[in-house]
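Taken in sequence, the protein lines are chains X and H.
Residue numbers for the first sequence follow numbering that gives the first Met the number 0, so the first one is 0 and each next one is one higher.
Residue numbers for the second sequence follow numbering that gives the first Met the number 0, so the first one is 0 and each next one is one higher.
Some hints could be false.
[Claimed, not checked] For lysine-lysine, the following DSS-like pairs were computed, each having C-alpha atoms within a straight-line distance of at most 27 angstroms:
| # | chain 1 | residue 1 | chain 2 | residue 2 |
| --- | --- | --- | --- | --- |
| 1 | X | K333 | X | K303 |
| 2 | X | K115 | H | K373 |
| 3 | X | K178 | X | K115 |
| 4 | H | K151 | H | K162 |
| 5 | H | K305 | X | K115 |
| 6 | H | K440 | X | K333 |
| 7 | H | K162 | H | K372 |
| 8 | X | K333 | H | K460 |
| 9 | H | K373 | H | K439 |
| 10 | H | K151 | H | K305 |
| 11 | H | K440 | H | K372 |
| 12 | H | K364 | X | K333 |
| 13 | X | K156 | X | K115 |
| 14 | X | K303 | X | K84 |
| 15 | H | K411 | H | K460 |
| 16 | H | K372 | X | K333 |
| 17 | H | K440 | H | K373 |
| 18 | X | K333 | H | K373 |
| 19 | H | K411 | H | K439 |
| 20 | H | K460 | H | K364 |
| 21 | X | K115 | X | K84 |
| 22 | X | K333 | H | K439 |
| 23 | X | K178 | X | K156 |
| 24 | H | K305 | H | K280 |
Hints are computed from structural coordinates only; laboratory data are not their basis.
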Amino acid sequence: MKKYTRQTFLILSTAALIVSCKEDEKPEFDRKAMLTNMASAVIIPAYTTLNSSLGTLYTKATDFTASPNTITLADLRAQYIQTNKNYQRCAMYNFGPAMDYGIKIAFNTFPSDTAKIEANITAGTYTLGAVSNTTAIGFPALDYLLYFGTDTDILTKFTTDPEAANRKTYLTDLVSKMKTEFQPVIDQWNGSYQTTFINADGNDVASSCSYLLNEFVQDIELVKNAKIGIPSGQQTGGATMPTYVEAYYSGLSTTFAYESLLGLETCFTGGSGSGFDDYIRDVESDDVTTSLADNILTQFGVCKTKTDALADPLSTTVNADFASVNDLYLELKKLLVYCKTDMTSMLGILITYQDNDGD
Amino acid sequence: MTAISRIQKTFFDWHREVPAASLAVYRIFFGGLMLFSTVRFWLNGWVRDFYIEPEFHFSYLGFDWIPYPNAGVLYFMFAILVLACLGIIFGFFYRTAALTFLVLFTYVELLDKTTYLNHYYFVSLVALLMVFVPANRYFSLDVYFGFAPAQKTVPNWSIALLKFQMGIVYVFAGIAKLESDWLLDAQPLKFWLHTAHHWPLFGDLLKQDWIAYFFSWFGCIYDLFIVFFLLNARTRNVAYFFVIVFHFTTWMLFPIGVFPWVMMVGTTIFLSVQFHERILKLLGTLFKRSRQPVPATYFVRPNFRKQVNWMFGIFIAFQVLVPFRYLLYPGNLFWTEQGFRFSWRVMLMEKSGYAEFYLVDPQTKTEWNVPTKKHLTRLQEKMMCTQPDMILQYAHYLQTVYSDTTLYLGDKTFTFNDPEVHAEIYVTLNGRPSQLYVAKKHNLAAIPNDLSNRYWLEDFKE
């Protein structure tokens, strides 16, 4: 008996040794390290860029309203594009402070309600934070104000039009609101929330991984449905809805969709540091032939290429070249299925509080 | 005594009188655990999240007639449940308390299958047994106040049945693990154990593949055989030690709530009468009251032997047959889930899905994609995506909601008189790449939700 015990022990410990040697080849992964990287190398830099970009946008807006002319308009438009792009890169971090201040809803609910915007301008008094004004604020409203017609039309509206003063105020109010609302978000990330975020390193529903993964998936869904699907009639049996594109007036829909894919990709990879892709590789068996992480990265590549290849404005492309838009839609769906099923399943990150006995 | 004759004595000599202490202890433990579980459920806000918040409820087949209570009634029922638990613990108006608990607990469970858990089913079954066993004849307020006759002994069946119920859970959970995902791929444990990788000391160990295999195999063997070691007087203490270690570990590692405690507490029924006596003595001193003297008069038990035999014979046959009903269906059980519930299949699947539902008007071919989030809670959506009967129920629900409805988007209108409901669903099972689960071609609204084979599911690809 004793002899067998010793033998068994020897065999087991040798096996353990072999296995652990083999395991050492795997890159070390740690959720906390991933969260630290996401906070310090991805989220906070992206937020910092957006914050200063919003500051510049405000300056450009006041420059424009001080003397509306083709040059200041061009300057403001260029900055609007830049700031919107900066926003697309961090739209998916919609939790914690960003969630508390309702940034995602306030910044980018589209399509905008132009009648409401005009009514607000005419009235001259409004509460931009009101729920009813959600479709009259943010980037979509700016897109309308800066691109609704020819340059001359726009400059007229801001100079000789009887409501020019109101329109100027509305424009600066919009930007000022965004700037003011975003300041506490970046402040909190630079302050205590960063620690909170890094320390919530479990896999429960209130963990940072759960927030990250959930918003990541939701944002892919947003790109697939709101940015591409609805305008191209995917949600409505082929009845295209050209005015439902993001950034309808500037016609930069695919430009912004592309930025948002770039942002999502960075959210997945963690930039050059530790991210979900490393997490996946760590969970996967060693003998897996193609890593899910590679499949997702490839799919990001496919989606980016197809988005880039789409002609702007998307509002005409949905009818002119439906096949290409449809093609992109299907690729986005494939990306979403990878992330919402395979990836979610593999990482075991919980999305609800309910007890679970795995059935 | 051979093992066979011991089992025979434990299980088949049903009407032999045995000491009542074991049953009294079980009553107190079960009541206490249910009290904890009910209060926890309430404090976690689950009454609201699972039963008040959802606009649609996934009823069980054959139970869709159950009236759905409003919030006030629900909270009232939970308050009554708490009182019933106290009644069980103290053996106060015991039968009424046990019956009330059984009815209310089962009623709440039947409201929505989204929250189905095997241990809730187990609780209902035990509660059913608790109604019939004379658990209040010893160490109870009923005896103290003279509501029930005091007895030192109870018929063996009352304890044997509780042991049988534990045995069913373990053995069937063990049989369910005899399949390739569990034994050959160590899935889903491989994924689940990895979630604990941030633990100091054990974290790195837990994410090793061989640990997943060890847990899988050990868990299977444990489930299959533990009950036999618990039955054996010589091994039961060691076996109970394993019970504690095993369930405590699962409690630490997985979000399975009170299930491990249900098992740890439930298995105390196997421990020795001396142990149960000691517990009662301890509780007695806790309440500063020595044990109630038991009158010497021998209680003449009414002769219900025949009825008892029949009733529990049927109960046992039902329990043994139900988990095997899946054999009546073709296809992979995990994929189709035909005969999956009520079979002690615990921890066997990591399944996750993505669904898109479409309304289609058969005449105009008008189509509309209904966002799943619109009508379901997150938990409901997660559960529905991978469970065929829930997919059908949801499709039928959409059909009713959107019949004779006009939807607007921009300047376009979409009218649905008697819409078809189609779905495209992708599912991943135990680490396999996601694959098509339901193809868009089926009109789910026209498929009845019954026990017939679900031909409309895509074939499972290994």
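How the hints compare with the structure:
1. The straight-line distance between the Cα atoms of K333/X and K303/X is roughly 13 angstroms, inside the 27 angstroms bound, and the hint therefore holds.
2. Simply put, K115/X and K373/H have alpha-carbon atoms about 26 angstroms apart, close enough for the 27 angstroms limit, and the pair holds.
3. Of the supplied pair hints, the one linking K178/X and K115/X holds, its CA atoms being roughly 22 angstroms apart against a limit of 27 angstroms.
4. Proposed proximity of K151/H and K162/H is supported: the alpha carbons are some 20 angstroms apart, at most 27 angstroms.
5. Under the criterion of a C-alpha separation no larger than 27 angstroms, the hint pairing K305/H with K115/X is inconsistent with the structure, at around 80 angstroms.
6. Note on K440/H and K333/X: the hinted pairing holds, with a Cα-Cα distance of about 19 angstroms set against a maximum of 27 angstroms.
7. With a C-alpha separation of about 44 angstroms, the suggested pair K162/H and K372/H falls outside the 27 angstroms cut-off, and the hint is violated.
8. Of the pairs offered as hints, the one joining K333/X and K460/H holds, with about 18 angstroms between alpha carbons and a cut-off of 27 angstroms not exceeded.
9. About 20 angstroms separates the Cα atoms of K373/H and K439/H, which keeps this hinted pair within 27 angstroms; it holds.
10. Distance restraint check for K151/H and K305/H: the Cα-Cα separation of roughly 23 angstroms lies within the 27 angstroms cut-off, and the hinted pair is therefore satisfied.
11. For the given pair, K440/H sits about 22 angstroms from K372/H by alpha-carbon distance, which is consistent with the 27 angstroms threshold.
12. With a C-alpha separation of about 25 angstroms, the suggested pairing of K364/H with K333/X holds against the 27 angstroms cut-off.
13. Between K156/X and K115/X the alpha-carbon distance is near 16 angstroms, which keeps this suggested pair within the 27 angstroms criterion.
14. Restraint check: the Cα-Cα separation between K303/X and K84/X comes to about 15 angstroms, which is no more than 27 angstroms; the hinted pair holds.
15. The hinted pair formed by K411/H and K460/H fails the criterion: a straight-line CA distance of about 41 angstroms is larger than 27 angstroms.
16. For the hint pairing K372/H with K333/X, the CA-to-CA distance comes to about 20 angstroms; that is within 27 angstroms, so the pair holds.
17. The suggested pairing of K440/H with K373/H holds, with an alpha-carbon distance near 23 angstroms, which does not exceed 27 angstroms.
18. For the suggested pair K333/X and K373/H, the alpha carbons sit about 22 angstroms apart, so the restraint of at most 27 angstroms is met.
19. At roughly 24 angstroms between alpha-carbon atoms, K411/H and K439/H fall within 27 angstroms of each other, so this suggested pair holds.
20. For a cut-off of 27 angstroms, the pair hint linking K460/H to K364/H is broken: about 32 angstroms separates their Cα positions.
21. For the proposed pair K115/X and K84/X, the alpha carbon gap of about 25 angstroms is at most 27 angstroms, so the pair holds.
22. A distance of roughly 16 angstroms separates the Cα atoms of K333/X and K439/H; the hinted pair therefore holds under the 27 angstroms criterion.
23. Distance hint between K178/X and K156/X is fulfilled; the C-alpha atoms sit about 24 angstroms from each other, no more than 27 angstroms.
24. Pair hint K305/H plus K280/H does not hold up; C-alpha atoms about 35 angstroms apart against a cutoff of 27 angstroms.
The structure fails hints 5, 7, 15, 20, 24 (numbered hints given earlier, in ascending order).
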